[in-house]
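S.K.: Chains A and B, in that order, are what the protein sequence lines are. Under my numbering, the residue at position 257 of the first sequence is numbered 257, and the numbers go up by one with no gaps. Heads up, my numbering is the position in the second sequence plus 308, with the first residue counted as 1.
What the hints contain is simulated information worked out from the structure, not anything from laboratory work. Please note: incorrect hints may appear among the correct ones.
[Said to hold, decoys possible] Distance windows between CB atoms, simulated:
#, chain 1, residue 1, chain 2, residue 2, range
1, B, R558, A, W125, 34 to 42 Å
2, B, F472, A, S25, 39 to 47 Å
3, B, K474, A, R29, 44 to 52 Å
4, A, R120, B, Q331, 31 to 39 Å
5, A, S229, B, A407, 20 to 28 Å
6, A, S16, B, D497, 52 to 60 Å
7, A, D72, B, Q331, 53 to 61 Å
8, A, R61, B, R554, 16 to 24 Å
9, B, V345, A, D72, 18 to 26 Å
10, A, W125, B, R554, 23 to 31 Å
11, B, M309, A, E116, 43 to 51 Å
[What the hints assert, rightly or not] Simulated pairs of lysine to aspartate or glutamate, EDC-like, Cα-Cα distance not exceeding 20 Å:
#, chain 1, residue 1, chain 2, residue 2
12, B, K561, A, D23
13, A, K127, A, E116
14, B, K560, A, D72
15, B, K561, A, E86
16, B, K560, A, D219
17, B, K560, A, E86
For clarity, every value in this text was computed on a predicted model and none was experimentally measured. All C-beta atoms in this analysis are idealised placements derived from N, C-alpha and C, irrespective of residue type, glycine included.
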Amino acid sequence: MSPIVAVSGLSKVYASGFRALNDVSLEVRRGEIFALLGPNGAGKTTLINVICGIATATQGRVLVDGHDIVTDYRAARAMIGLVPQELTTDAFETVRATVSFSRGLFGRPRNPAVVERVLRALSLWDKRDSTLMTLSGGMKRRVLIAKALAHEPQILFLDEPTAGVDVELRQDMWQLVRGLRDSGVTIILTTHYLEEAEQLAERIGVIDKGEMILVDGKDDIMRRFGKRSIIVRLQAPAARLPESLAGYALALSPDGTEVTYTCDTTGPDTGVRALLGALDAAGIPFADLRTKESSLEEIFVGILRNQS
Amino acid sequence: MNLYGVRAIYGYEMARTRRTLLQSIVSPVLSTSLYFVVFGSAIGSRMSSIDGVSYGAFIVPGLLMLSLLTQSIANASFGIYFPRFVGTIYEHLSAPISAFEIVAGYVGAAATKSIILGVIIIATAGLFVPLRIDHPGWMILFLLLTATTFSLFGFIIGIWADNFEKLQLIPLLIVTPLTFLGGTFYSIDMLPAPWNRIVLLNPVVYLISGFRWSFYGRADVSVGISLAMTVAFLVGCLVLVGWMFRTGYRLKK
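For reference, chain A alone in the conformation it holds in the complex (with noise of 0.2 Å):
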């Protein structure tokens, strides 16, 4: 099946002569959800305003849906949802206004059914006649998805759609994101939380200082290079390690109080429970545990070095 959106050789030079997108290429299925992850500044919002219109290319093209995003932009932006990074809303209009004008903007006739269903989706139903500034925060982000979502775009981008947002409404966002794809609308988004990536997305595409350094399935970017380590606090500090323990691979920690265990988490079997028997059963006891995951710039480490 051909890809929803493919973009070859894109690069973007700000008239700072920041260069912010380098030779980007990159294919999204249709369906799927995307992830572009990446560090701040990495150049995720310039690919995607790129894409959406809001920023122009220095070189490069994009086709959405095979229509040229400059050639035929009213047939690729009719597709397109965007959801901002920033809370940019208007502050005297009604909830309902905003959406149907988003609505309207995109070119679709005014069909008060559409909105109503979009705002009860987005639990919004409620604050259908609140104007916006009296929304909070997390109201308004719901808001700026209604207004994408308001022309039944068949994709949605959604820059940084958790950045700032509490870890209630993170879960609920995730669980619209998710409802979305099942309606067959292709998501993109940008993070630059991990787990993020790893809770929603079924391909991954990191970028770094403008650069596409890789784009893969989920899960094959965490068996490579995601690593959790298992550290083990031992009641009393040990010289050295038994020589029973020699297969799992640990590092003691120089004072002798600490052993880390590195563990694939991808497996069906992490092997902690082994360890932990096996630490026992050398009369080492132990006091506490804890665990640790990679933390993006780990990975991106990894990614690098292994690119090298």
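Following the hints, position chain B against chain A.
M.R.: Same frame as chain A, but now just chain B:
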């Protein structure tokens, strides 16, 4: 053609007018009416008529033009500046809507508002001064052309401005003085030489002269020149706004 998009922008702007009825309609009508009361009824009775037109009636086209210019510019410039200022412009830029359609929505709404305002002011003026309209067709033509042209000019200012001060700069420091000096309160042949020649460099002279001709059949310059100047300014604005959208000037990153 995205007519639903044009209608959405137009409707949004007209809703903004309704929300701010006091400042957008009532206030300009009131301030213009004050001129009619002071110059038309109070002082006007002591001033000699100009070419057989009483002074109060003489100043009506000029004052109307002043309101049309300032209000068209204010409406359209704020209309497009506000979404740029708060950031909601992202939606216009990402929508399947052409530059021409965006302009049609904003400028159409700003011009509509100015025309409504103009009609109310004419009606109000009729209460205070002996008003007559010799060439109603021309009057309507000038009204429509001026409202459209200066709404377009306001739109350009709204894109050019990158702060609120700049938004006010041209209306307050250029348009208002040019209108006052452009023959609102006098006929330019009342000016001494060389001012009666220098004043012809002021484009607003042509607007007011043509507009006054449509009311009383007298003009400082020929009505054809007035019309040509208005159309030339309209075309100039269209070219400029076309360039702004083509290059993404202050709109796109």
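S.K.: A separate judgement is required for each hint: does it hold in the structure or not?
M.R.: Status of the hints after comparison with the structure:
Separated by about 38 Å at the C-beta atoms, R558/B and W125/A satisfy the suggested range of 34 to 42 Å. The supplied range of 39 to 47 Å is met by F472/B and S25/A, whose beta-carbon atoms lie about 42 Å from each other. Take K474/B and R29/A: their Cβ atoms lie about 46 Å apart, and the range 44 to 52 Å holds. Between R120/A and Q331/B the beta carbons are some 36 Å apart, a value that agrees with the proposed interval 31 to 39 Å.
Between S229/A and A407/B, the C-beta spacing of about 55 Å breaks the proposed range 20 to 28 Å. A hinted range of 52 to 60 Å holds for the C-beta pair S16/A and D497/B, which are about 55 Å apart. A hinted range of 53 to 61 Å is violated for the C-beta pair D72/A and Q331/B, which are about 42 Å apart. Between R61/A and R554/B, the C-beta spacing of about 19 Å keeps the proposed range 16 to 24 Å intact.
Checked against the hint of 18 to 26 Å, the pair V345/B and D72/A fails, with Cβ atoms roughly 59 Å apart. For the pair W125/A and R554/B, the supplied restraint of 23 to 31 Å is violated, since their beta-carbon distance comes to about 42 Å. Range check, M309/B to E116/A: about 28 Å between beta-carbon atoms, so the 43 to 51 Å window is missed. Taking the CA atoms of K561/B and D23/A, the gap is near 18 Å; set against the 20 Å cutoff, the hint holds.
Distance check on the hinted pair: K127/A and E116/A sit about 11 Å apart at the alpha-carbon level, within 20 Å; holds. For a cut-off of 20 Å, the pair hint linking K560/B to D72/A stands: about 18 Å separates their Cα positions. Taking the CA atoms of K561/B and E86/A, the gap is about 16 Å. The hint holds against a cut of 20 Å. This hinted pair does not check out: K560/B and D219/A have alpha carbons roughly 37 Å apart, beyond 20 Å.
For the proposed pair K560/B and E86/A, the alpha carbon gap of about 17 Å is at most 20 Å, so the pair holds.
Of the numbered hints given earlier, the model fails hints 5, 7, 9, 10, 11, 16; all others are met.
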